[in-house]
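Trainee: If you're matching them up, the sequences are chains A and B in order. If you're matching positions, the first sequence starts at 817 in the numbering used here and goes up one per residue. If you're matching positions, the second sequence starts at 817 in the numbering used here and goes up one per residue.
Treat each hint with caution, since some may be false.
[Stated by the list, open to error] Heads up, simulated DSS-like pairs for lysine-lysine below, C-alpha to C-alpha not over 30 Å straight-line:
{"hint": "1", "chain 1": "B", "residue 1": "LYS1170", "chain 2": "A", "residue 2": "LYS1045"}
{"hint": "2", "chain 1": "A", "residue 1": "LYS1124", "chain 2": "B", "residue 2": "LYS821"}
{"hint": "3", "chain 1": "A", "residue 1": "LYS1045", "chain 2": "B", "residue 2": "LYS821"}
{"hint": "4", "chain 1": "A", "residue 1": "LYS1124", "chain 2": "B", "residue 2": "LYS1110"}
{"hint": "5", "chain 1": "B", "residue 1": "LYS821", "chain 2": "A", "residue 2": "LYS1110"}
{"hint": "6", "chain 1": "A", "residue 1": "LYS819", "chain 2": "B", "residue 2": "LYS821"}
{"hint": "7", "chain 1": "A", "residue 1": "LYS818", "chain 2": "B", "residue 2": "LYS882"}
{"hint": "8", "chain 1": "B", "residue 1": "LYS1125", "chain 2": "A", "residue 2": "LYS1110"}
[What the hints assert, rightly or not] Computed footprint of chain A on chain B, listed as stretches where at least three residues anywhere in the stretch have a Cβ under 8 Å from a Cβ of chain A:
{"hint": "9", "stretch": "902-914"}
{"hint": "10", "stretch": "998-1007"}
{"hint": "11", "stretch": "1040-1047"}
{"hint": "12", "stretch": "1129-1135"}
[Said to hold, decoys possible] Rough simulated footprint, nothing fancy, chain B against chain A, three-plus residues with beta-carbon under 8 Å:
{"hint": "13", "stretch": "1059-1066"}
{"hint": "14", "stretch": "1113-1127"}
Just so you know, these hints were derived from the structure itself, not from any lab. All values derive from a computational prediction rather than experimental measurement. Here a beta-carbon is modelled for each residue, glycine too, at the ideal position from N, C-alpha and C.
What follows is each chain in one-letter form.
There are 2 protein chains.
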Amino acid sequence: MKKIKILTFILLVFIACKDKMSSNSDKETSNSHTMTQKNEFGIILHGGAGTILKEHMSDSLELAYKEVLEMAIKTGYTILENGGTSLEAIAETIKIMEDSPLFNAGKGAVFTHHETNELDASVMVGNTQDAGAISGVTRVKNPIDLAIKVMTDSPHVMLSGEGAEQFASEQGIELVDPSYFFTENRFRSLQHIKDSERTALDHDGKTSSVTPEIKDSKFGTVGAAALDKHGNLAAGTSTGGMTNKRWNRIGDAPIIGAGTYANNATCAVSSTGWGEFFIRAVVAHDISALMEYKGLSLEEAAREVIQKKVPALGGDGGIVAIDKNGHMVAEFNTAGMYRASMNAQGEITIGIYKE
Amino acid sequence: MKKIKILTFILLVFIACKDKMSSNSDKETSNSHTMTQKNEFGIILHGGAGTILKEHMSDSLELAYKEVLEMAIKTGYTILENGGTSLEAIAETIKIMEDSPLFNAGKGAVFTHHETNELDASVMVGNTQDAGAISGVTRVKNPIDLAIKVMTDSPHVMLSGEGAEQFASEQGIELVDPSYFFTENRFRSLQHIKDSERTALDHDGKTSSVTPEIKDSKFGTVGAAALDKHGNLAAGTSTGGMTNKRWNRIGDAPIIGAGTYANNATCAVSSTGWGEFFIRAVVAHDISALMEYKGLSLEEAAREVIQKKVPALGGDGGIVAIDKNGHMVAEFNTAGMYRASMNAQGEITIGIYKE
Chain A
817 MKKIKILTFI LLVFIACKDK MSSNSDKETS NSHTMTQKNE FGIILHGGAG TILKEHMSDS
877 LELAYKEVLE MAIKTGYTIL ENGGTSLEAI AETIKIMEDS PLFNAGKGAV FTHHETNELD
937 ASVMVGNTQD AGAISGVTRV KNPIDLAIKV MTDSPHVMLS GEGAEQFASE QGIELVDPSY
997 FFTENRFRSL QHIKDSERTA LDHDGKTSSV TPEIKDSKFG TVGAAALDKH GNLAAGTSTG
1057 GMTNKRWNRI GDAPIIGAGT YANNATCAVS STGWGEFFIR AVVAHDISAL MEYKGLSLEE
1117 AAREVIQKKV PALGGDGGIV AIDKNGHMVA EFNTAGMYRA SMNAQGEITI GIYKE
Chain B
817 MKKIKILTFI LLVFIACKDK MSSNSDKETS NSHTMTQKNE FGIILHGGAG TILKEHMSDS
877 LELAYKEVLE MAIKTGYTIL ENGGTSLEAI AETIKIMEDS PLFNAGKGAV FTHHETNELD
937 ASVMVGNTQD AGAISGVTRV KNPIDLAIKV MTDSPHVMLS GEGAEQFASE QGIELVDPSY
997 FFTENRFRSL QHIKDSERTA LDHDGKTSSV TPEIKDSKFG TVGAAALDKH GNLAAGTSTG
1057 GMTNKRWNRI GDAPIIGAGT YANNATCAVS STGWGEFFIR AVVAHDISAL MEYKGLSLEE
1117 AAREVIQKKV PALGGDGGIV AIDKNGHMVA EFNTAGMYRA SMNAQGEITI GIYKE
């Protein structure tokens, strides 16, 4: 009897060890073993991150923003609900915001130093990892449409400047007069920034633009990420860039891996922030890599990148993302980020400030 | 006595289990615990990957290539040996190849559809993860110099087109007449490709350019990666893009995370290949992420990306890279890749074809 008790005890110790070892490896591979629930779908958007404070917002302006955010998210959602693709959903959602003068994309885009508007956009789909991107266009009414066209109807991923517009013209993408993008508000912002710069300029090319107001003028982008009923992810981003932009500067919005990334194995991400830092940190791809290679959840990966890695470099901003199971995340390290989401249960969230 | 034997046995089983569990976690973190050997340093370069076959190469041309590769690698090496920075080393190495008409960068750059030369370049340093990039310049003699200037003397990471050249002019970067870049060989290649395209064109925008010769015209970039005696990594890439380029297309060379990436925690990487696939696969950053998050060695990570992931998407090309301990890797899935390396022991390798 004693021998049996002892042997049983040895056996229990052994089993306890083995369980601990296999649960460690299970945790690592759990992401790849998780069932993709085909009935899950959803869409999340952002309209830009930055120093967005309630005390600076009139009630009517806040209402105006919320109305467009709601319209945008519902437009994309309806497409998904009806079995449409995540690509189509994010495109239509983004176009609502491009067409609204409230957001720094399409109409309402900020002005460059030379008082022009230069627009960038990118898109990526999670099944084939196909992508499209454009930078520095001046007459394309809906940049996201052109980015998609580059992806689907050209042998390339990224086109720029006049060449991108030539392609747009060949492909029947709607072109407008550059004055279409003008808004009084953004034009005044440019003059204001130019005045601030004249006082802030300290002849150090690298730090001449770090006052809060000038820093905030870098933010402002729209984007969306979605999962459709077919289990496919997609993400897109569109922007007018930064106020007082010089030298045909390109930010993160049209850079695959920085501003936009999608991979059915992990997630779809759209970024908004201080573009230079998002490029250096390869933000969107880094979130996916943390999930794929380190087994982090989308929440953990987004937090790691947005709350630790980007600030460690000195940058600000945020992302919205959705994983292959429909979990959605809005993560930002600024005072606010315009955002909205809708899940398969039809639950809608709309936000502006940090909660 | 019997009880002692049994208890000893139980204890041994327990210790055996515990050792197995901790050796698993040791393996995962072993990369971060590896000592950075400060006396290790090295530099590796590439001059482009593609269908480079011995039967197509005359002895004299092969010798000409090897001479420039040797001069380039030794130039960078000497800087490192004398305690110079990895940034300076890769810059001087790359400039040797930019100035040589043999490589598709700087002089010797391929021609666009419109018979112009549009140059791209990027650079990144591993300590601060600062980066600089330019696309679509037409008069900058050494694009890598301008990319570095953007990094060190502007508040931005990426500039493009005329704006980038305006910045170059303001910064005293050497500008030349566009005709400087002309070489008879590359001009003839353009005419040849145009003729092939006329026969190969099947009105499908996406597949019109996949004959081997046309595919190969996409390759050709120069780049380098180095580790200096201070333990800092740096990488850079420079290119004339693809023959018969249209629409101001941007490839992977100026895209941080795709063509160039450096991070003192992992490695420095420079890519050369079918740019569109390298952008979609975020190649350079993916190699670093596999090392950092999955604990792969540089060799394993490079092989995973270049031999599996990029081909899985349908792409070709290669990379050169060096890790924080000075291990160097040249990985490519094409018939050849111009390459050279020199390590701390002064051992030099020069290669063209697959071994």
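Trainee: Hints first: check each against the structure and report whether it holds.
Mentor: Quick rundown of the hints versus the structure:
Straight-line distance between C-alpha atoms of LYS1170 of chain B and LYS1045 of chain A comes to about 45 Å, which puts the hinted pair past the 30 Å bound. Annotation: proposed proximity of LYS1124 of chain A to LYS821 of chain B is violated, straight-line Cα distance about 52 Å (limit 30 Å). Between LYS1045 of chain A and LYS821 of chain B the CA atoms are separated by roughly 62 Å; this puts the pair beyond 30 Å, and the hint is violated. Distance restraint check for LYS1124 of chain A and LYS1110 of chain B: the Cα-Cα separation of roughly 19 Å lies within the 30 Å cut-off, and the hinted pair is therefore satisfied.
Under the criterion of a C-alpha separation no larger than 30 Å, the hint pairing LYS821 of chain B with LYS1110 of chain A is inconsistent with the structure, at around 42 Å. The suggested pairing of LYS819 of chain A with LYS821 of chain B holds, with an alpha-carbon distance near 12 Å, which does not exceed 30 Å. About 79 Å separates the Cα atoms of LYS818 of chain A and LYS882 of chain B, which puts this hinted pair outside 30 Å; it is violated. A hinted pair counts as satisfied when its Cα atoms are at most 30 Å apart, and LYS1125 of chain B with LYS1110 of chain A qualifies at roughly 18 Å.
Taking a C-beta to C-beta cut-off of 8 Å, the stretch 902-914 of chain B contributes 0 residues in contact with chain A, too few for the three needed, and the coverage statement is violated. Closer than 8 Å: that is the beta-carbon criterion, and the stretch 998-1007 of chain B has 0 residues meeting it against chain A, so the requirement of 3 is violated. Residues of the stretch 1040-1047 of chain B with a Cβ under 8 Å from some Cβ of chain A number 0, which does not satisfy the need for three, so the listed coverage is violated. Requiring three or more residues with a Cβ within less than 8 Å of a Cβ of chain A, the coverage given for the stretch 1129-1135 of chain B is violated, as only 1 such residues are present.
With 5 residues having a Cβ less than 8 Å from any Cβ of chain B, the stretch 1059-1066 of chain A passes the three-residue criterion, so the hint holds. Figure legend: the stretch 1113-1127 of chain A, annotated as covered by chain B; annotation inconsistent (0 residues with Cβ-Cβ distances under 8 Å, at least 3 required).
Checked against the numbered hints given earlier, the structure breaks hints 1, 2, 3, 5, 7, 9, 10, 11, 12 and 14 and satisfies all the rest.
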